[in-house]
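Hints given; two lone chains; assemble the complex.
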Amino acid sequence: MKRALVALAALAVLIATVQPASAQQKPSGELTVFAAASLTESFDAMAKQFQKKYPDVDVKFSYDASSNLATQINQGAPADVFASADVDNLQKTIDAGTVTPPPVAFAKNRLEIAVEKGNPKKIKSLADLKKSGLLVVLCADQVPCGKYAAESLAKAGVTVSPASKEENAKATLSKVSIGEADASIVYVTDVKAAKGATSGVKIPDKVNVIASYPIGVVKASQNATGAKAWVKFVRSKEGQAILRKFGFLPP
Amino acid sequence: MRRRERRPPVVVVFLAALAVAFFLLPLVGLLQRAPWSELIDDLTDPVVRDALRLSLVCSIAATALAFVLGLPLAWVLARTEFPGRHLVRALVLLPMVLPPVVGGVALLLAFGRRGLVGQYLDDWFGIRLPFTTWGAILAEAFVAMPFFVIVVEAGLRSLDRRYEEAAATLGARRFTTFRRVVLPLIAPSLVAGAALTWARALGEFGATILFAGNLQGETQTMPLAIFVELQTNLGGAIALSLVLLAVSIVVLVSLRDRWFPA
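Just so you know, the protein sequences line up as chains H and R, in that order. Counting from 1, one number per residue, gives the positions in the first sequence under this note's numbering. Counting from 1001, one number per residue, gives the positions in the second sequence under this note's numbering.
Just chain R, same shape as in the assembly (with noise of 0.2 angstroms):
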């Protein structure tokens, strides 16, 4: 048993105190200014109806699309040796320091309609990204797929390479290996890597709103919504914002034991 530390110094705690304030009371001014009473009227008008929807889908899609792309991208980064390993590596980690709105600019520019691939997927397949909710998609997946793609290439370096090896002295072939025992062992990687890619998509506004516009029902999610009717309607901007608020919560609380081991 390790012996009780002293009292800790009240400096530290004071400052500690400061820092809990400074992250609780953003939430209590969202709380206390909340329109309780109306909160039904405001939740089930058709502009936050749509946003809702329209959230749900384009971060469900973005993490989807996150796991079919970043799986992949995880096991080669974590499993193979190539010259620009590091370098790939640093560009999958890039979008999580960009600035979301950098990223917007930069997706125009390579997929709007005049963009670098953006003007051959017009003209040769007539796809347009912007103002689509494909582009939203997108939008939310670039800047969210990183964390997927970490958390699971944490995951696979960190799996024990006798199973695999097993698996194969036994006979089953590579991708058996890697559906029967691979995928299962680092299951808690993949969802913990989802939730995240998945709570960063839904709350992605700066790219999104550069690349993709807003239009409502179309690309106009949550955090759109917010910043939209925050001009003129602050009570629809507050009702919007505690849902937020409550998906947060629920990421968190059913995230917590991986997080937060007691």
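So here's chain H without its partners, still in its complex pose (with noise of 0.2 angstroms):
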């Protein structure tokens, strides 16, 4: 067993000291990236700008609740980049070191409420939520868009009794896509990326929630060269364009 794990250890030192003498010039390899589930398809449209730039990298993605990505990291996943869909989330993997200070704020998000297509149940407001016989569907408290709605909802003096608290913000407005569900508290590109799916009832400024999504590159990364040149290109005039494209406002 011990032989093993220092045959391991070995081949560990040996694939890291070989591999950035040959990522130094320009990124390249396998670039994971964790992500808030809300970050799907702007990230998978950066991607494929990002892969124009640089043929050589192959972009892989895990989206879900930054919740859970973060746990995920500490407990030593393999990512090399870290975009969480709250400040929190990001601060714990630098609480535990695994992901290197300081987070980069890259955008922000508001949230909306997501309806049935065409709001059969005529719903306007957050307060309209709470009407008997409604079937609300929130992301699970733990994750920062449950988070969020809560707060918002606080902000409104709205109580609503969801039939469920879903794990991320995808699944939450599945539930509505889908017909389960009449209404969902999520994020405004979560409505837009639906492409019709759903409608949105926006939510007053007042009562809204402002998200700020931050991007950090993982310590153990075992490609620091393209993750780096990823939160760079996040943040570069063109990854922005794409991301005010899904609706996401300057961070």
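Hints were generated in silico from the structure; no laboratory data involved. Don't take each hint at face value.
To be verified - Some but not every residue of chain R turned toward chain H, in silico, with C-beta under 10 angstroms:
1) G1213
2) Q1216
3) E1229
4) L1230
5) N1233
Beta carbons: idealized from backbone N, C-alpha and C, even for Gly.
What follows is the structure, encoded as structure tokens:
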């Protein structure tokens, strides 16, 4: 057992020492990006542009609730970059020493009420969500979109009893687009990305919450050059234009 | 008496030991990180209590459903000949190999509010399954019932038909024969099938979270609670995991005579 471990460690060291030499000039190799589920469409689009610029890089994504990704990274998941939908979860990885500080803000997002196509239940505001017989699903309390939704509802002084608390923003939205739920609170960008599968009902600024998205490079990254290039690209004019297109606000 | 085998090849022993380590290490990992001192606090947490209660309710109800529907199905499969029997059997087995998440999507498209059957359940009877405890029970029964059917069918097949024939010649009616002769004879299969079904139902995650959603006290069973807790509260997630681990060990130990004849 011990000998195998030593061999493995030796191998890891070998790989670690060999790779940077070749990756020094231009980003290349595999790049694993852990990103908040709400970034799915925009980051997919960004990867296409990124790979045009750096054809040698192979970008792979793991999209999920930021809170889940933070736990995974802190338990040693092989990520290179972590893009979170809130400051807290990126800070959690920095505090644990798994992501290199400082966190870099790259986008902002707002909440919206997602309803079934055409808004058959005529929902106009957060207060309408407490109507009886209305099936509302929210993100789980542990997940950023759930935390933001709770803040927004508290600001509006509305208490809803959700039918379910889903694991991330996309799962929450899908319950509405598939017709199982009447309404949910997700990000503006989620409704936009669903391309008409659901309709959005605006939440006024006064009771809305601004979500801040930070990004950071994972300390144990095997592809630090690629990771830094990704962060730079996300912050670049080109990357920001893509984020704008999907409804994100400037950082 | 068989002669003692020669010394087993080193490579084989090494690989076997590796396999054992592979099974053992995750358990050790779980146990060494367990927050023993806070375990009581973690386990009396309302989220954990609700999840535990709900898991027991749902898994027992799913097992009962498997009993009520699965026993007749097992009997039909074991005792009757009809065209397409093999197809039916394959269909029953499908959930055992189907990824539970796929099962969840399929359940949603069948029994959801806009689903194939679900829309009529809703329109005609006002019955809604998603986001309800019934939904969680159904999801668990969908993935777990095959275990019951398979085990009981095998039990029925291995039964000596002469007992039933004897009962029939003594004038017992068909149902009496089944109740007084067949059921007692296949009792071990029923118990084993029910235990397997229950254990599988208890661990159900994918189909449940997709079909039934995730709400404390309604549909958030133990595996779902573990999944959500893990995001912010590793200790709580480990405590919950320990409970399921303990339950699994109890099931294994209580069935050991059946599965591991010494």
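Evaluated hints:
1. G1213: Interface hint status for R/G1213: holds (3 angstroms vs cutoff 10 angstroms).
2. Q1216: Result: holds, 8 angstroms to nearest chain H Cβ.
3. E1229: R/E1229 check passes; min Cβ-Cβ to chain H is 8 angstroms, inside 10 angstroms.
4. L1230: holds (6 angstroms)
5. N1233: holds (8 angstroms)
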